[in-house]
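Visitor: Quick note, the sequences are listed as chains Z, U and L, same order. Residues in the first sequence are numbered consecutively from 1, following UniProt numbering. Residues in the second sequence are numbered consecutively from 1, following UniProt numbering. Residues in the third sequence are numbered consecutively from 1, following UniProt numbering.
Careful: at least some of the hints might be erroneous.
Note that identical chains are pooled: a pair holds if it fits in a single copy or bridges any two copies.
In silico lysine-lysine, DSS-like type, Cα no more than 30 Å apart, as pairs [to be verified]:
no.	residue 1	residue 2
1	Lys137	Lys168
2	Lys137	Lys176
3	Lys28	Lys159
4	Lys178	Lys168
5	Lys28	Lys204
6	Lys159	Lys204
7	Lys159	Lys176
8	Lys178	Lys159
9	Lys28	Lys137
10	Lys204	Lys176
11	Lys137	Lys178
12	Lys137	Lys204
13	Lys204	Lys178
14	Lys28	Lys168
15	Lys204	Lys168
16	Lys159	Lys137
In case anyone wonders, no lab produced these hints; they're calculated from the structure.
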Amino acid sequence: MRLRLTPRETSFYDMFATAADNLVTGSKLLTELLGADVSARPEIAERMRAAEHAGDNATHAILSQLNSSFITPFDREDIYTLASQLDDVMDYMDEAVDLVVLYQLDELPAQIADQIEVLVRAAELTAEVMPRLRTMKDLTEYWIEVNRLENQADQVHRKLLAHLFSGKYDALTVLKLKGIVDALEEAADSFEHVANTIETIAVKES
Amino acid sequence: MRLRLTPRETSFYDMFATAADNLVTGSKLLTELLGADVSARPEIAERMRAAEHAGDNATHAILSQLNSSFITPFDREDIYTLASQLDDVMDYMDEAVDLVVLYQLDELPAQIADQIEVLVRAAELTAEVMPRLRTMKDLTEYWIEVNRLENQADQVHRKLLAHLFSGKYDALTVLKLKGIVDALEEAADSFEHVANTIETIAVKES
Amino acid sequence: MRLRLTPRETSFYDMFATAADNLVTGSKLLTELLGADVSARPEIAERMRAAEHAGDNATHAILSQLNSSFITPFDREDIYTLASQLDDVMDYMDEAVDLVVLYQLDELPAQIADQIEVLVRAAELTAEVMPRLRTMKDLTEYWIEVNRLENQADQVHRKLLAHLFSGKYDALTVLKLKGIVDALEEAADSFEHVANTIETIAVKES
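With these hints in hand, go ahead and build the complete structure from the sequences.
Guide: Here it is as structure tokens:
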């Protein structure tokens, strides 16, 4: 039998992996929502709410563990920041879903699919990187790719704003749609914040 | 004569109590504003501004004390975070009052009363909990209740958004009212942030 | 030959000075944009984007240095916070420029000049104060003046909101202009956050 010298540290990685997997679930629900009939939306929103609760639980577990751990695998502030930023991503995705259901918009602009595609890819990359925090190896590609995705999200967001103000929509509809595309843009930004924190952690360990 | 071994620590509790009492004052001014004639609003806004300045002073006193204290009753970052979050609540309540006066809206949607009621209750709970930071006892009910209130605030906010976009208001009025109800929602969120920080402090001390 | 005991510390001051000089460049591009023909705007936005990239590089250099330094001239969190807040100012100025170009507004409200004037003055003060971080001398006037400027910016912002909702503009134009003046207001707020952090650093060192 091998002795596990730092039994407690292990679970942080597992908990971060859980939180990131949950973001993959959330981002895929966004894709599903976009393709669904108006009548099918509330049920998808229900599942999004469940994913958001699961995310809250993961965050809460990380913070409880953090507060009761004497030794942590990396800096306490970085653990706290990473957990909060993963939580932010989910909150913004959940907000977008909420608003789609609340505003009962018949049709959403097609380019929202491009925003969501970026989020799905960023979520997958984030979930894939979590196990690599153990060894701190092969992280560079992840940062570069998430930063590239965030730039892409910015451009899609700008195009969507131009589209919203193109004259096609009345002011109330613009206001509703802007709430949704802004929430999705915030989710993309939050993925970049996660990547920046992981970079910070990696630089300290190197 | 009893020796006071940690004379400095005491005042943090007092200063946090002052900051929280000030939020009770602010939330009650919101109630007063809602019931007042348009002509009476500027005077209420004046008193809100005074409360906001008192809040700024309390925050400043806490941070000055923090920077010059060698020993603090709990973690420095937590003191800093708690002071900033109490300040955020006041800033959002002040912003809501400012916008009500600025936009000269004759009538406000009735459900705003429900938003404000939640804020008054959250402010009272926050003021009541401050003295208990000394002993760290009986905090659980406070967290549970503030989190419940924040969920309630979320639901009221969603109902208000649905009401704003129901077709009753023109786009400019929606834009004005949305500014106000969003500021009140941010105030409710900030009360939850305060509660989360107090939970963090309590877990560390336990 | 004199021994340099703390060779590494020096560069933080230089890097903060670079970041702050860059804000002066950005704020002057805002002035230029306001006076330019619609056709000349994209080229100014290009230069703004270059300034924003230079800012990103300065921030990145500070954070890399921070993560690899064993000794820092002041608290690590304060260096991190200061770098992030300088970055925030640039992001908000860049956002304002982006929106002006994107929305292709023929005419901007004259009072936006007052907002930008405040930003230029705050940027200059911030650039002037950076070299004084070395000695921590003569900082008081800077805080007082930046706080005064932020109050002035608040008042200009409120007047602009009242102007936007005066009935002169249709709802879509209000929505566009509000995006721009809100971004400029956030830039002014961020300058105040910078000043507060510098005050915190100075109090600790005194």
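Visitor: Does each hint hold? Answer for all of them.
Guide: Status of each hint after checking the structure:
no.	hint	in the structure
1	Lys137 to Lys168	neither (49 Å within a copy, 57 Å between copies)
2	Lys137 to Lys176	neither (43 Å within a copy, 45 Å between copies)
3	Lys28 to Lys159	both (23 Å within a copy, 27 Å between copies)
4	Lys178 to Lys168	both (14 Å within a copy, 20 Å between copies)
5	Lys28 to Lys204	neither (33 Å within a copy, 37 Å between copies)
6	Lys159 to Lys204	neither (38 Å within a copy, 46 Å between copies)
7	Lys159 to Lys176	both (17 Å within a copy, 14 Å between copies)
8	Lys178 to Lys159	both (12 Å within a copy, 19 Å between copies)
9	Lys28 to Lys137	within (27 Å within a copy, 43 Å between copies)
10	Lys204 to Lys176	neither (43 Å within a copy, 42 Å between copies)
11	Lys137 to Lys178	neither (39 Å within a copy, 45 Å between copies)
12	Lys137 to Lys204	within (13 Å within a copy, 32 Å between copies)
13	Lys204 to Lys178	neither (39 Å within a copy, 41 Å between copies)
14	Lys28 to Lys168	within (29 Å within a copy, 35 Å between copies)
15	Lys204 to Lys168	neither (50 Å within a copy, 55 Å between copies)
16	Lys159 to Lys137	neither (36 Å within a copy, 48 Å between copies)
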